[in-house]
Every structure is written in C-alpha cells, then in structure tokens.
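Enquirer: Counted from 1, the sequence shown has number 118 at position 116 by the working numbering; the numbering is strictly sequential.
Treat the hints with care, since some could be wrong.
To be verified - Ranges of calculated distance between the beta carbons of each label pair, as one might list FRET restraints:
1) Arg122 - Glu87: 44 to 54 Å
2) Arg38 - Arg105: 17 to 27 Å
3) Arg61 - Cys121: 30 to 40 Å
4) Asp126 - Gln13: 52 to 62 Å
5) Arg26 - Leu114: 33 to 43 Å
No lab work stands behind these hints: they were computed from the structure.
Bear in mind that the values here come from a model prediction, so they are computed numbers and not experimental data.
Cβ atoms here follow ideal geometry from the backbone N, Cα and C, with glycine treated the same way.
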Amino acid sequence: MTSAPTWTIAQVAEEFDVTHRTVRHYEDLGLITPERRGTQRVYHRRDRTRLGLILRGKRLGFPLEEIRTIIDLFDAPRGRRTQLEYVLAQIDERRADLDQRLRDVQDAIAELGEFERRCREDLDKLA
Numbered sequence: 003m004t005s006a007p008t009w010t011i012a013q014v015a016e017e018f019d020v021t022h023r024t025v026r027h028y029e030d031l032g033l034i035t036p037e038r039r040g041t042q043r044v045y046h047r048r049d050r051t052r053l054g055l056i057l058r059g060k061r062l063g064f065p066l067e068e069i070r071t072i073i074d075l076f077d078a079p080r081g082r083r084t085q086l087e088y089v090l091a092q093i094d095e096r097r098a099d100l101d102q103r104l105r106d107v108q109d110a111i112a113e114l115g116e117f118e119r120r121c122r123e124d125l126d127k128l129a
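Whole structure, please, built from the sequences with the hints as guidance.
Expert: Following this line, the structure appears as structure tokens:
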C-alpha cells in the first residue's frame with residue numbers, strides 16, 4: 003500500500019510559480035491548511051487543488067473573501083443546488099464586470115487611435 007503523495011512548500015511554490023511567502027499568506031488566511039510535521043509544512047492534494055483555485059480566482063479578479071466562499075463550496079457535499087446557484091451568480095457578476103472592462107479598454111484604444119491620427123496629421127502639416 004502506498005501513501006498519498008505530499009509536497010513541500012518549495013515544490014508547491016515552484017509548481018504554481020509563486021513565492022513561499024504567498025503560499026504562507028494563503029495559509030495564514032486559512033485558505034489552505036497544510037499538515038504540520040514539526041516546523042515543516044506538508045501539502046496534500048487538497049491543498050494543491052485549493053491553491054490552484056485561489057490563484058485562478060485572483061487572475062479572474064475575485065476578492066479573497068469571495069474566493070474563500072467559492073472554494074469552501076468544493077469541500078461541502080456535492081449536488082447542493084444553492085451552492086451551485088451561488089457560484090453561477092458570482093460567475094455572472096464577474097463576467098459582467100469583465101465585459102464592461104473590456105468595452106472600456108476597447109473605447110480607450112479607439113480614442114488613442116483617433117488621437118494618434120490627429121497628431122500625425124498635425125505633424126504632416128508642419129513638415
């Protein structure tokens with residue numbers, strides 16, 4: 003019988019391309035809870051899964067408390083309608099926010115293009 007694989011903080015940090023300090027920060031917040039063997043942290047599959055979800059949530063712009071709520075749902079028994087509805091509502095809100103940001107960036111790029119065009123015209127007139 004083989005035991006479940008475990009990882010050190012160095013291995014987890016390297017795998018997810020984050021610093022040891024970042025991993026410890028998420029531990030301090032209670033988002034991940036590695037086993038402690040003396041002074042050594044031992045990370046299990048659950049910790050790696052949660053860290054991946056945390057980092058994905060951060061990339062998508064979710065605040066840490068929202069990430070906590072969402073990843074805690076993964077530990078609850080599956081199939082609870084209210085949990086899934088909550089996650090879907092958060093996804094909808096996030097998508098709407100990102101869609102608005104995308105429109106804002108597209109508008110800013112268009113404005114920059116127009117400003118650049120006018121500057122080039124003015125520069126050509128000066129030549």
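Enquirer: List in ascending order the numbers of the hints, as given earlier, that are violated by the structure.
Expert: 2
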